[in-house]
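Below, each chain spelled out in residue letters.
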Amino acid sequence: MQKLSRSIALLAAMVLILAACQGTNTGNSSASTGSGGAGATKGTIVIGVDLPLSGGEAPNGQPTLSGIKLAIEKANGQAGGYKIETDVRDDAVNGTHNPEQGATNVQALIANENVIAMVGPFNSNVGKAEIPLTSPAGLLQCSPANTNPSLTKKGADGKFLRGDNPVSYIRVATTDDIQGPALADYLYTTLKKTKVFIVDDTETYGKGLADTFEAKFKDLGGTVTARQGVPNPDGSADYTSILTAAKGAGPDSVMYGGVTTTGGAKLRTQMADVGMGDLSYIGGDGIVDGSGDTTSSYVNLAGPAAANSFGSVAATHDIPNAGDFAAAFKAKYATDPGAYSAPAYACTQVILAAVEAVAKDAKDMKDLREKVRAYVTTGGQKFDTALGPVSFDENGDSSQKVISFYKTDMTAADGKGDWVFASQKDFAGQ
Amino acid sequence: MDLSVFTQQFFNALSLGAIYALIALGYTMVYGIIELINFAHGDVFMVGAFTAMWLLTVPFSQSGAIHNPILLAGLLIVVFAITMTFMGFVGMGIERFAYRPLRNAPRLAPLLTAIGVSFILQNIIQTIFGPSPRRTPKVFPTDIRFDLFGASISLLSIFIFVLTLALIIGLQTFIGRTRLGRAMRATAQDRQAAQLMGVNINRTIALTFFIGSALAGAGGVVYGLYFGQIGFTLGFSAGLKAFTAAVLGGIGNTTGAALGGFLIGFVEVYSGQFGLFRWSEAIVFGVLIVVLVFRPSGLLGQPLGERA
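Protein chains in written order, with my numbering: chain X, -19 to 410; chain V, 12 to 319.
By construction, these hints were calculated from the structure, which means they are not laboratory data.
Note that beta-carbon positions come from the ideal geometry of N, C-alpha and C, so glycine has one too.
Treat the hints with care, as some may be off.
[What the hints assert, rightly or not] In silico negatives: residues of chain X with every beta carbon more than 10 Å from chain V:
#1 Lys227
#2 Asp253
#3 Asp273
#4 Thr275
#5 Pro284
#6 Tyr313
[Unchecked claim] Label pairs and their calculated CB-CB ranges:
#7 V/Leu166 x X/Lys54: 54 to 62 Å
#8 V/Thr184 x X/Lys175: 47 to 55 Å
#9 V/Ile126 x X/Asp144: 43 to 51 Å
#10 X/Thr315 x V/Leu303: 22 to 30 Å
#11 V/Ala177 x X/Lys312: 51 to 59 Å
#12 V/Phe71 x X/Thr315: 42 to 50 Å
#13 X/Leu200 x V/Ser163: 25 to 33 Å
#14 V/Ile139 x X/Asp394: 20 to 28 Å
#15 V/Ser163 x X/Asn74: 33 to 41 Å
#16 X/Leu200 x V/Leu310: 46 to 54 Å
[Said to hold, decoys possible] One side only, chain X facing chain V, incomplete, derived with CB under 7 Å:
#17 Asn74
#18 Gly75
#19 Pro79
#20 Ala91
#21 Pro211
#22 Ile222
#23 Thr224
#24 Met256
#25 Asp258
#26 Ser260
#27 Leu281
Model the full assembly from the supplied sequences, consistent with the hints where possible.
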């Protein structure tokens, strides 16, 4: 009996070894046909994409995805002798960005060895779920829109989200430790408001933005009349009670830390119901998400109540050759670029430039993935992007620290209302 | 907290409570008559909210406040009438196809079909209107306000309260004073005896579903007008709270359901007032636990006897 089982084990081991050999064989042969076959094209590599693309998040994700596709098209669909393809994944579940879905998406991207880098995600809490996965895998991840500082900083436990792994996450958006104070600065200095009521959605992005906003607003000499955290994952929260409670202190403005799908538009609408409709309303890039013509955007959902709203985008608006970019975008998609189209374009440019630079030294796909990551994250490489020259610091944050401010204009978009650019400010060195 | 804020919050609580009360009535009526917890009821309410949104935006192409009082009243009558009738028939249809075939099956079977119907309704709405939140035009002008004890009450708040009160009184009168209402009470007490006395059981139960669903439809219209924003998942949390309201008031008891609805509205609003907003759901269910420990049949519940 024992003899029999031992011989079965031996047989199984032999089969395994045989299978492993065959595996390496096919690997080699496909690589050789790749390099020998065409000469110019060494094969196909994939840029992974993870963005919220459906439902209430479509106004965020779709124009961002268009930016990525435009950049690849501008590079004629190739870099470093490789043909470039995309693997696009949606992290919205039931119309709202979802960290678990994001994690599932990046696991699939990591598992595909042809994915040499990825663009995304859009939302900070999704980033929080993804960085611990992409870092050990060494997959370069460039987020066009994540702004929460904790993604690249040591947490309360003294550890980075990436753990002890080298940096693989970079972002071109300016972080909320700049966006939050910038909003405070804009509200206090430009809009001349001194008493603000703050509401946040208790999520990573919303709470972080509101925290940094609150600190700066107090620093400047303003008063925070009250602060409320309202979790609102399914959009069913009623804000009238907290607004009524806040009204007594006489705020002259309301600041919202969060995104449209977690209550940004509803809070604004309900302000009118309790007689606070005349107050100025200010939020971060989470509410600057398209015109009144776009279903489920902030301006669309708030309707007439969207007037007198202010918001920011954590990227430069006056990009170099803005006209060319907007014209190329409009020619392809018949619509104006979204707030994060140009940053997504820039992310893609960074990846393509890295592939261009390291492709000739890469032994195989695994090596190419690692070389791309190392090229972008070490040595302070400067990239010439649609946003202007960008480099990344030792934690992957962008060297650009520009915040753009927008306000709602209810006569724009044929009377349906839209966000229009107001001003921008460079916070580098502050 | 001074009196004006208290009064203001009181009216906020009445508006929110009215929505819960309107949904809770349907839960309690259905439970009263066939002892089924109709988990699809919250989604009937959600479909009502979408029906009203569609009516307002597509055939009537409204986008904002209407300042002409006659036009506003006319529009509201039409929207409420169509939505309530439509939802009534939807409720009857659900009863006919999902519950009636299982009326004599073990209790668990109709409970599961109820959950199934809930998903079907959600998926239908998601397919038609998409997963993202949609705007319901707030047709009530927000600048028409009334001053009361230093608080400024919007026309919408008053409308919601008056409408809900009228519907509740109408329902009580219907159940207590009419032949059909008597048939409903008889069916709730003893289905077989009622049948022997010549009550058409199927018709009576269908009628109960019609009324309960029509009230949920009215709740849906009110929800859209009040919040100005609806999504296909709103039936779950609103339905859960309304169900709690029904249990709190004593399930099977219509007055209790209305009372429970308003009570939950008050708990939610005043927890927001005192800075405990994120605890509001914990407080709501805490109240439920305390009430059930001391009064297992709810605040006004009668363990036996008249239930409808």
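Tested hints:
Not every CB of chain V lies more than 10 Å from the CB of X/Lys227, the least distance being 8 Å, so the non-interface label is violated. Non-interface call for X/Asp253 relative to chain V: violated, since the shortest CB-CB distance, roughly 6 Å, does not exceed 10 Å. Residue-level check passed: X/Asp273 sits 12 Å from the nearest beta carbon of chain V, beyond 10 Å. Annotated as non-interface, X/Thr275 brings its C-beta within 10 Å of a C-beta of chain V; the closest such distance is 6 Å.
Residue-level check failed: X/Pro284 sits 5 Å from the nearest beta carbon of chain V, not beyond 10 Å. The Cβ of X/Tyr313 lies farther than 10 Å from every Cβ of chain V, with a closest approach of about 20 Å, so its non-interface assignment holds. For V/Leu166 and X/Lys54, the Cβ-Cβ distance of about 55 Å falls inside the hinted range of 54 to 62 Å, so the restraint holds. Between V/Thr184 and X/Lys175 the C-beta distance comes to about 51 Å, which sits within the given range of 47 to 55 Å.
At about 46 Å, the CB distance of V/Ile126 to X/Asp144 agrees with the hint of 43 to 51 Å. At about 55 Å, the CB distance of X/Thr315 to V/Leu303 disagrees with the hint of 22 to 30 Å. For the pair V/Ala177 and X/Lys312, the supplied restraint of 51 to 59 Å holds, since their beta-carbon distance comes to about 57 Å. One distance hint, 42 to 50 Å for the beta-carbon pair V/Phe71 and X/Thr315, is violated here, with the actual separation near 29 Å.
At about 32 Å, the beta-carbon gap between X/Leu200 and V/Ser163 stays in the expected band of 25 to 33 Å. For V/Ile139 and X/Asp394, the Cβ-Cβ distance of about 26 Å falls inside the hinted range of 20 to 28 Å, so the restraint holds. Separated by about 37 Å at the C-beta atoms, V/Ser163 and X/Asn74 satisfy the suggested range of 33 to 41 Å. Separation of X/Leu200 from V/Leu310 is about 51 Å and conforms to the stated range, judged on CB atoms against 46 to 54 Å.
Hint status for X/Asn74 relative to chain V: holds, with the closest Cβ pair at about 5 Å, below 7 Å. Proximity of X/Gly75 to chain V holds as hinted, the smallest CB-CB distance being about 3 Å (cut-off 7 Å). For X/Pro79, the suggested interface contact is broken, since its CB lies about 17 Å from the closest CB of chain V, more than 7 Å. Because the closest C-beta pair between X/Ala91 and chain V is about 27 Å apart, greater than 7 Å, the hint is violated.
The beta carbon of X/Pro211 is positioned within 7 Å of a beta carbon in chain V (closest approach about 6 Å), and the interface hint is therefore held. A distance limit of 7 Å between C-beta atoms decides the matter here; for X/Ile222 the minimum to chain V is near 5 Å, and the interface restraint holds. With a least beta-carbon distance of about 5 Å to chain V, the hint placing X/Thr224 at the interface is held under the 7 Å criterion. At its closest, the beta carbon of X/Met256 sits 10 Å from a beta carbon of chain V; the interface hint therefore is violated under the 7 Å criterion.
For X/Asp258, the interface hint is violated, the least distance from its beta-carbon to any beta-carbon of chain V being 10 Å, above 7 Å. Look at X/Ser260: its Cβ only gets to about 17 Å from chain V, farther than 7 Å, so that hint breaks. Evaluation of the X/Leu281 hint against chain V yields a held restraint, the C-beta minimum of about 5 Å falling below 7 Å.
Of the numbered hints stated above, those contradicted by the structure are hints 1, 2, 4, 5, 10, 12, 19, 20, 24, 25, 26, listed in ascending order.
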